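Taken in order, these protein sequences are the chains called A and B. When we follow my numbering, the leftmost residue of the first sequence carries the number 1, and every step to the right adds one. When we follow my numbering, the leftmost residue of the second sequence carries the number 1, and every step to the right adds one.
Everything labelled a hint here was simulated from the structure, so no lab data went into it. Hints may be right or wrong, so weigh each one.
What the hints assert, rightly or not - Below, computed lysine-lysine pairings styled on DSS-like, alpha-carbon distance capped at 25 Å:
| # | chain 1 | residue 1 | chain 2 | residue 2 |
| --- | --- | --- | --- | --- |
| 1 | A | K31 | A | K161 |
| 2 | A | K263 | A | K278 |
| 3 | A | K87 | A | K31 |
| 4 | A | K263 | B | K163 |
| 5 | A | K87 | B | K104 |
| 6 | B | K209 | A | K263 |
| 7 | B | K151 | B | K163 |
| 8 | A | K278 | B | K209 |
| 9 | A | K31 | A | K263 |
| 10 | B | K281 | A | K31 |
| 11 | A | K184 | A | K87 |
| 12 | A | K161 | A | K184 |
| 13 | A | K31 | B | K82 |
| 14 | B | K163 | B | K82 |
| 15 | A | K184 | A | K31 |
| 16 | B | K163 | B | K281 |
| 17 | B | K281 | B | K209 |
All values derive from a computational prediction rather than experimental measurement.
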Amino acid sequence: MLRQVLINGLIAGSIYTIIAVGFALIYSTFKFFHVAYGIIFALGAYITYACVLTGGYPLWIGALAAVIVCTIVGLAIDQTAYRRFRKQQASPLSFFLGSFGIYILLQGALAYIFGNRTRSVRPVYNPQVFEFADIYVTEPQFFTFLGAIAATLVLYLVLHKTVLGLRIRSVADNPSLANYVGIKTESVAMITTIISSAFAAIAGWFVALQENLTPGIGFPVVIKASVISIIAGSGNIFGAILGAFIIGLLENIAVWQLPTQYKDGVALVVLTLLLLFKPAGILTSKLREDQTQDA
Amino acid sequence: MLEYVTSILVFVAIYILFATSLSIAVGYTGLVSIGHAAFFAIGAYTSAILGTTLGLPFSLSLICAAISAGLFGAIASLPAIKLRGDFLLLGTLAFSQLITLILKNWTSVTNGDAGITNIPSPLYSWLNLGSVYSYLLIVLPITVICLWIQKVMLVAPFGRVLKAIRDNETSASSLGINVVSFKLRAFILSAAFSGLGGALYAHYVTFIKPDTFGINESVLVLIMVILGGGTSLRGIILSASILTIIPEALRFTYIPSAEIASIRQMIYGGLLTALIIFRPKVLSDLRK
């Protein structure tokens, strides 16, 4: 049983890795909580559902459609709201509230279009189950694990081996200095938005293949992504991988011992404890500038 | 029709109380909370449970609701006094989500998702009025008294100290002000008054469940405070009235009620973002 719990924790950690890395890319580059990320993720899941179940298209079409739609929505959010915030040099508080409003708005829209009923791709997609030595892993779970490795590897290569990545990292490091050497903050913002929205879409696709969908699925996801980003500390994208596996494992251990309803509570408790005792994160000791006044 | 108008007025009064309570934290002290529906819920549940299981009289359960919400406010203020800005928002969000989780799963006390029904509503039969009218006669004086208490406190040095902390924490503490103690008191007061509002709500609708006090309520009341200008009593009364009355207009359309809920959600979300985008000074305006 313990082995199954650990495997489930690893799989949950993989999906959280994909989710959190996309979120942490924005968090570490522009230093704000991209709350609307949760609704981009939920949208990805619903687009997959609509393509696969309603449209009857194969799974990969669903993934493609999810990535395209989510990227467009992500860019629209960036251009209508975040661009103005950057121009106004808004505080992280304004970013958070503005992004939160967009999240609420789009969740309402999702509920309006798809209804509040639980949705699932089960009627047309029945995943294969592999069994090795009393451990059960479904096909999408296995691919989630591979997907997490591939996605982080690709992001690592982009960030550390290309000029594009260098630009992103320099904006993350010091936006005004990056500006002086001719790096356009706005184009970096667009590129990071595209990458992060694609991550949200892929995560939504994986989740749609495994779980039931309701318009509210994005909310716990944002909470978890925020916790993971705080664990990693600002400016540490790949620390998010560690955070993702910590949350994934803790959740599955909790579900093993407690009723399943408490699963989402794990991230909330970790978040509260972190905010109380280590707001700077576990992997770094540097607090984000605007939080340092008396902490 | 008169009954309908009266029932809206009851909600207006309750939301005015709720919004002014939040403004003690957000407007005066600069502690922006996006989880205040949790205190509203704690007040509502405390009063409802005391009223249904112990048969406590209305007046006593109102007081207990305020006290218990205040106690939870003290717990929630642990992160509130330490964090600022978006980290504080996350902290209050986590707190409210935890409260919802407890309300949903502590079934022996809260009856879980099914909620609490048949909450006793105080009917003052000697007034010889329908229950809606008599409830307005109960809610209005309570709201007015609470607003008066808040006003007196916030005009007094207490309120000015809070504003000083909000505007510049460092210089406030250099003047010998115990910042932590004042933030703590402001947050507890804000929570207690919100709890009182929640109790008034519970005894009016007579049925509450955890989903009644979700994130939408927190957002709505925060919009009321921001739109109302943060510290302006008149502004908040106006914005709370408008934002309570306008969604009611949706009921007169032919949209099914499930879709109305989604539309309301879209309105609240859009409004919050629009306020932040088009009135960029709105949050710093709270500082004027």
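Cross-check of the supplied hints:
For the proposed pair K31/A and K161/A, the alpha carbon gap of about 23 Å is at most 25 Å, so the pair holds. The hinted pair formed by K263/A and K278/A meets the criterion: a straight-line CA distance of about 22 Å does not exceed 25 Å. Note on K87/A and K31/A: the hinted pairing holds, with a Cα-Cα distance of about 15 Å set against a maximum of 25 Å. In summary, the hint linking K263/A to K163/B is not supported, as the alpha carbons are separated by about 40 Å, beyond the 25 Å threshold.
With a C-alpha separation of about 42 Å, the suggested pairing of K87/A with K104/B is violated against the 25 Å cut-off. Taken as a hint, the K209/B and K263/A pair is honoured in the structure, with Cα atoms around 21 Å apart against an allowance of 25 Å. The hinted pair formed by K151/B and K163/B meets the criterion: a straight-line CA distance of about 14 Å does not exceed 25 Å. With a C-alpha separation of about 34 Å, the suggested pairing of K278/A with K209/B is violated against the 25 Å cut-off.
Restraint check for K31/A and K263/A: not satisfied, since their Cα atoms lie roughly 28 Å apart, outside the 25 Å limit. About 20 Å separates the Cα atoms of K281/B and K31/A, which keeps this hinted pair within 25 Å; it holds. This hinted pair checks out: K184/A and K87/A have alpha carbons roughly 13 Å apart, not beyond 25 Å. Between K161/A and K184/A, the direct Cα distance comes to roughly 19 Å. Compliance with the 25 Å bound is thereby established for this hinted pair.
With a C-alpha separation of about 19 Å, the suggested pair K31/A and K82/B falls inside the 25 Å cut-off, and the hint holds. A threshold of 25 Å between alpha carbons decides the hint, and for K163/B with K82/B the separation of about 17 Å falls inside it, so the pair holds. About 17 Å separates the Cα atoms of K184/A and K31/A, which keeps this hinted pair within 25 Å; it holds. Annotation: proposed proximity of K163/B to K281/B holds, straight-line Cα distance about 17 Å (limit 25 Å).
Only pairs whose Cα atoms come within 25 Å are accepted, and K281/B paired with K209/B is rejected, the gap being roughly 37 Å.
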